[in-house]
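Chains as they are written, first to last, in our numbering: chain A, 1 to 293; chain B, 1 to 598.
Because the hints were derived from the structure by calculation, they are not lab data.
All values reported here derive from a predicted model rather than from experimental measurement.
The C-beta atom is built at its ideal place from N, Cα and C for all residues, glycine as well.
Some clues are possibly wrong.
Derived coverage of chain A by chain B (criterion: at least 3 residues anywhere in the stretch with Cβ under 8 Å from a Cβ of chain B; other residues may be distant) [what the hints assert, rightly or not]:
(1) 217-229
(2) 273-280
Below, a sample of chain A positions facing chain B; criterion: calculated Cβ distance under 7 Å [unchecked claim]:
(3) Phe105
(4) Phe112
(5) Ile113
(6) Gly115
Have a look at the derived ranges for each label pair, beta carbon to beta carbon [unchecked claim]:
(7) Arg122(A) x Phe160(B): 44 to 50 Å
(8) Ser400(B) x Arg169(A): 45 to 51 Å
(9) Arg169(A) x Val93(B): 22 to 28 Å
(10) Arg85(A) x Gly382(B): 32 to 38 Å
(11) Ser397(B) x Leu261(A): 38 to 44 Å
(12) Gln371(B) x Leu164(A): 57 to 63 Å
Next come the chains, spelled out residue by residue.
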Amino acid sequence: MTKLVQTLILGVLVGGVYALLASGLTVIFGVMRIINIAHGALMIMGAFITYTLWHYLGLDPLLGVVVTVIVMFGVGWVVYFVTVRPVRRAPVTSSVLLTFGLAFFLEGVMGFIWGNSARGSRPGYVETSFNLGSLYIPKGLFFGCLLAVVIMVALQLVISKTWLGRSIRASASSEDAARLVGVNIPMVAAITFALGAASAGAGGAMISIMSTFVAGSQILWITRLLSIVVLGGLGSVPGAVVAALILGVGESLVGTYVSPLWSPALSIILIFVILVVRPQGLLGTKLREDVAQ
Amino acid sequence: MSAGRVARIAPVVVVALLIVLFPVLTGNGYYQNMVIISLVIAVGATGLNIITGFAGYPSLAQGAFLGLGAYAAALGSLRVGGSPFYWIPLAGVLAGFFAFLLGLLSLRTRGFSFAIITVSFLLLVRIIVQNWRHFTEGSSGLTLPIPNWDRAYMNWPFHFALVLLLGFSMLMAYRIRRTKFGVGLIAMREDEDKAASIGINTPTYKMLGFVCSAVFVGMAGAVYGYYITFVDPLGMFGLLLSVQIILSLLLGGKGTMWGPVLGAFIIEPLNEFANNSLGGGNSRLVIFGGVLVLVVLLLPQGIIPTVTRRVTTYRERRRPGLTGSRIELCERPRPATRSDPSAPNVLEVRNLNKRFGGLQAVADCSFGVPQGSLTALIGPNGSGKTTVFNIITGMMSADSGEVYLDGRRIDHLPPWTRAHLGVGRTFQITRLFGEMTVLENLVAPLREFSAGQLNRGAISGDEAARADELLALVGMTAYRDRPTSTLSYGQRKLVELAQVLALDPRVVLLDEPAGGINPTLVERLGELILELNASGRTFLIVEHNMPFVMGLCNPVRVLARGTTICQGSPEQVQRDRCVLEAYLGDDFVLEPKGVGNA
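Make a model of the complete structure from these sequences and hints.
Spelled out as structure tokens, the structure:
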């Protein structure tokens, strides 16, 4: 019983960080109908930046997040204008292949800069835990999840309360209508993409505390994030959060009761099952383009 | 053969011969190896061309089929034993089988979801091979027996086996492009729902396309496995291999015969360069990732199509364009309408209901279309007319209700079967296959599905003759060989009408035929519809142009809030209180003037 509860606690904590990572990906899809396959690589970049700040400058990873987020917002901005913008109106194939290529390009660049051995930010408190009877909560994981929740709430406030958020929601529901009422679509798209990259960076910061990573981890991470957004329904933020918790707990259960070797397979199998049984996901709606005119 | 043709073909033949005879011409092992790997990638890219180039499905898993083939050969010869002559064909069968499975799993996915499912497939295969240790040796990989042929042969057997496989792949691709199967795949790329509505059995085509794209790749993978004598999960199921294959296809040119081969012979030398001069690893990632981004941004069509287009533009620079020349209107006596509202129904819908979330789009809608009639379906915007069309053609399924064609219930049938039985439709905003010519668009509709059909030539003489007849009928003969994307909106409407007629349907559903085209063309279209009706064709027409509808159709069905509120002759409908309130307006007065007799 203790083992089960312990497994569930760890799963929920990890799921919280997954939720932050996946919500950025799903918001980008909602606004511009592009699946950013480079999202995993952007996340790893955030992890490396946080690691560098901690390792070389001694900045605590939980504070380093602020710098990471700002840098990654800039990276997202540049990536958007240089690569994504020209293919916004192009067929699906173009944007998929473009971001796929981008993911590998970034992986290679990071490999050159940071080398190919496993890294992780390990300030002192990471090795300690809060203990509740026979249960334990690793501090690194706990703070990481807490911060992820704070950032997600902040993002949600931006989206629901600000003028920028209204523009983002308007563009997501109908780009043409939003343009007609004067929303500056290219700017909104750029900001959305940059915000997505920033949230990926923030999630990466947490991952750098919670586990180790190499540039090549990006591919497993993007698979995990894709399975979450597919399960939640493409474009749905609440769906992504629910799906992230499901996957976090699911992986934790598989890791404990089956074998850690098979927990990466869970997200992949999930993708297959959902796309076969319910392509629109848990909380997604059928896309407009599925309906004949 | 003309001198120009010789001049164009000769270099291709020379280069092809150089590649085929490469190991005979040089004993340099480095370059021989480079050519062999290029051939492997070329087979992969030629296969990928079928599903991605023709059918438009972006598959990121092509490398998986090479890996599966290599593993089949390795496991077969180590665990069972036996000659490569068994294991290479079996590897092809295995790859085909896995492609079939993947096709089955991805049947309901398109675009993004499809890309996601393919990349997941690749990773899943890798994880299974890694973790199934007692069978596959996991990450440590398997070592294949070294070939026992005379050292004097060197790499010749590998080279020639791959040349043969590439030859077969290219022949298959060449053949597919010239059959009904290939035209169907391209139609799916352009517009899958439309393809289904003109009788193309899209799921079967998709699955078959998948299998074709994998079989030779699996065999090439097996040869590759024997060649490098070592297989491991990271080498065989690495994503970078898939990236190289995709890149070869994109760079050379999707949908072309030689593009994938040209691309492979550029990408593999680049790979060797990155490995030997730049230290491999990260530089390969940067190069291939970066080149993929650049190709998508700067050379989306690929080398061969871009060059071909430049050459064509140069050749045709003085030729006057067709656009702007007049559509031939022919003066003929206006045929009398034969529409008989009391004839038995050819098409009938009963108690249809369809809900989109909280919106009841169609509510208990019932009406019939009498045999040989020109029936109109009118009603305000949002009254559910197009939804009813979608339900009749099978693009959407109703929540409840029945659809009958010639007394046979068809609402459980897929769209292409309904097209085969005789339901043809046009769309409110025309949907033609833009990259295909007018003629190709007209021979794309299929009136049945059979295994033999797949291998039939794309355009038979009969079909071409029939297409020409239809083109003459709608006055579009001059545009026969133009891609439909270059036509104007009105011209597309005419071509789409001809396309539907090629199905020889029992009933033609026209969705706003007169919308957005000029009055002369509306007039001409009205005459055309009357003419077709006079020869016995039944129509169901959705239209907002009241003079057009009232002058042409009888009976008229009026839809409001998803329900049929009134049915009858144009005169009855125009006097009906409900209709005036819901749609026409109290002040509605129609000039007593029909189409064509002004």
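Q) If you check each hint against the structure, which ones fail? A) Failing hints, ascending: 5, 6, 7, 8 and 9.
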